[in-house]
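Novice: For chain A, the structure is supplied; the task is to place chain B on it using the hints.
Read top to bottom, the protein sequences are chains A and B.
Our numbering puts the first residue of the first sequence at 196, with every later residue one more than the last.
Our numbering puts the first residue of the second sequence at 196, with every later residue one more than the last.
No lab work stands behind these hints, which were simulated from the structure alone.
Check before you lean on any hint, since a few could be wrong.
Note that the list lumps identical chains together, so a pair holds whenever it fits in one copy or between two copies.
[Claimed, not checked] Listed next, the in silico EDC-like pairs over lysine to aspartate or glutamate satisfying Cα-Cα at most 20 Å (straight line):
| id | residue 1 | residue 2 |
| --- | --- | --- |
| 1 | Lys356 | Glu316 |
| 2 | Lys320 | Glu350 |
| 3 | Lys369 | Glu316 |
| 4 | Lys320 | Glu348 |
| 5 | Lys356 | Glu265 |
| 6 | Lys369 | Glu276 |
| 7 | Lys320 | Asp220 |
| 8 | Lys254 | Asp227 |
| 9 | Lys320 | Asp248 |
| 10 | Lys254 | Glu269 |
| 11 | Lys369 | Asp248 |
| 12 | Lys369 | Asp232 |
| 13 | Lys320 | Asp227 |
Number of protein chains: 2
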Amino acid sequence: MFTREYSLIRAIAGGIGAGARRWYDLFTNAMDISLQDRYAPRNRCFGCGPANDQGLRIKSYVRGDDVVAEFMPEPHHQAFEGMLNGGIIGALLDCHSNWTAAYALMKARVESTPPCTVTAEFHVKLLAVTPLGTALSLRARPTEVRNSSAVVEAEISVDGKVTATCRGVFVAVKEGHPAYHRW
Amino acid sequence: MFTREYSLIRAIAGGIGAGARRWYDLFTNAMDISLQDRYAPRNRCFGCGPANDQGLRIKSYVRGDDVVAEFMPEPHHQAFEGMLNGGIIGALLDCHSNWTAAYALMKARVESTPPCTVTAEFHVKLLAVTPLGTALSLRARPTEVRNSSAVVEAEISVDGKVTATCRGVFVAVKEGHPAYHRW
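The shape of chain A in the complex, shown without the other chains (with noise of 0.2 Å):
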């Protein structure tokens, strides 16, 4: 009883909220707000978390297929005098990625917040000196985007010139992890 009818209403909300979603997205697009200040606004991690004022704070922007983002390193994040340190760096790839993960399942899943992920690997190569005092461009892409996890590459480059590499694996967690739900 009332199936046809329940059925059609669910429809109908259904694609309300796909639509809104897909408006939201456009519109936090459009306004370029990044993934970070979107999703997760009190998030206080390490590399990525807007609340963590001791923190990397990255802000990642969705720019079509990819995700970039800039970077200003701050002295103390030197490896030594004038070359930023190989930790940060991962640092860096490692958060920006987990967040390209997150908003390339989120779409897949056509959901209007992304899964949180966890990182399950992150794979860093470091081809040339990267150097403090000057911004670093971020640039991220989901190369394989399965139905609870995505590998994505990543790179940091410098005037152009890539100066390190990434491949991470990240996991959307399920309900039962101390990761799930905490954006």
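Specialist: Chain B alone, transformed into the frame defined by chain A:
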């Protein structure tokens, strides 16, 4: 002329030098002075510089063939409440492994100071949640030592449980590289 005498003097001096180095190494090991404090006390690297008061300041100690460290994460190193950020995990493993490589190269070359090494690549696998609020144990071991590079495998464990592993390649830089003689 004097070739034989010069060779003899050089051999004696070399023997004394090697002996002194061996004694210095035994002494500093016996005193349990970290590699960073022995060889680079003024280093300001984010991960391992004793002189960077905003850095992680890890201290790596020789234990037979292994190099170990303990690290107590701070609240701002979180990924989220109770869980350590993957980027910080990578930074710890990268710097600790780098010192393991530098020490292994020094021993292999029978030199008195470690060469300045930089990271070529590192591959971190996060196997389980690395918690906050408890000391982490790091352990690293060189698995390949060549003339100017070393491969190091490392892990982080908490209460005996391995939560993260890393395989890294580290290269002794040559004259002209900005990292040459930075320690």
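Novice: With identical chains treated as interchangeable, where does the CA-CA distance between Lys320 and Asp227 reach 20 Å or less: within a copy, between copies, both, or neither?
Specialist: neither (30 Å within a copy, 33 Å between copies)
Novice: My question is about Lys320 and Asp220: at a cut-off of 20 Å on alpha-carbon distance, are they close within one copy, between copies, both, or neither?
Specialist: neither (33 Å within a copy, 32 Å between copies)
Novice: Could you place Lys369 and Glu276 in one of the four classes (within, between, both, neither) given a Cα distance threshold of 20 Å?
Specialist: between (43 Å within a copy, 17 Å between copies)
Novice: With identical chains, the pair Lys369 and Asp232 could be close in the same copy or across copies; at 20 Å between alpha carbons, which is it: within, between, both, or neither?
Specialist: neither (23 Å within a copy, 44 Å between copies)
Novice: Tell me, please, which holds for Lys369 and Glu316 at an alpha-carbon limit of 20 Å: within, between, both or neither?
Specialist: Intra 18 Å, inter 31 Å, cutoff 20 Å: intra-copy only.
Novice: Given identical chains, is Lys369 near Asp248, meaning Cα to Cα at most 20 Å, within a copy, between copies, both, or neither?
Specialist: neither (29 Å within a copy, 38 Å between copies)
Novice: For Lys356 and Glu265, with the copy left unspecified, which applies at a CA distance of at most 20 Å: within, between, both, or neither?
Specialist: within (14 Å within a copy, 37 Å between copies)
Novice: Using 20 Å as the alpha-carbon threshold, which applies to Lys254 and Asp227: within, between, both, or neither?
Specialist: within (10 Å within a copy, 42 Å between copies)
Novice: Given identical chains, is Lys320 near Glu350, meaning Cα to Cα at most 20 Å, within a copy, between copies, both, or neither?
Specialist: Result: close both inside a copy and across copies, 9 Å intra and 19 Å inter.
Novice: Under a CA distance limit of 20 Å, which applies to Lys356 and Glu316: within one copy, between copies, both, or neither?
Specialist: between (25 Å within a copy, 18 Å between copies)
Novice: When no copy is named, should Lys254 and Glu269 be tagged within, between, both, or neither for a Cα gap of at most 20 Å?
Specialist: within (16 Å within a copy, 23 Å between copies)
Novice: Treating 20 Å as the Cα threshold, decide for Lys320 and Asp248: within, between, both or neither.
Specialist: Classified as neither; 28 Å inside a copy, 27 Å across copies.
Violated hints, listed in ascending order, are 7, 9, 11, 12 and 13; each of the other numbered hints is respected by the structure.
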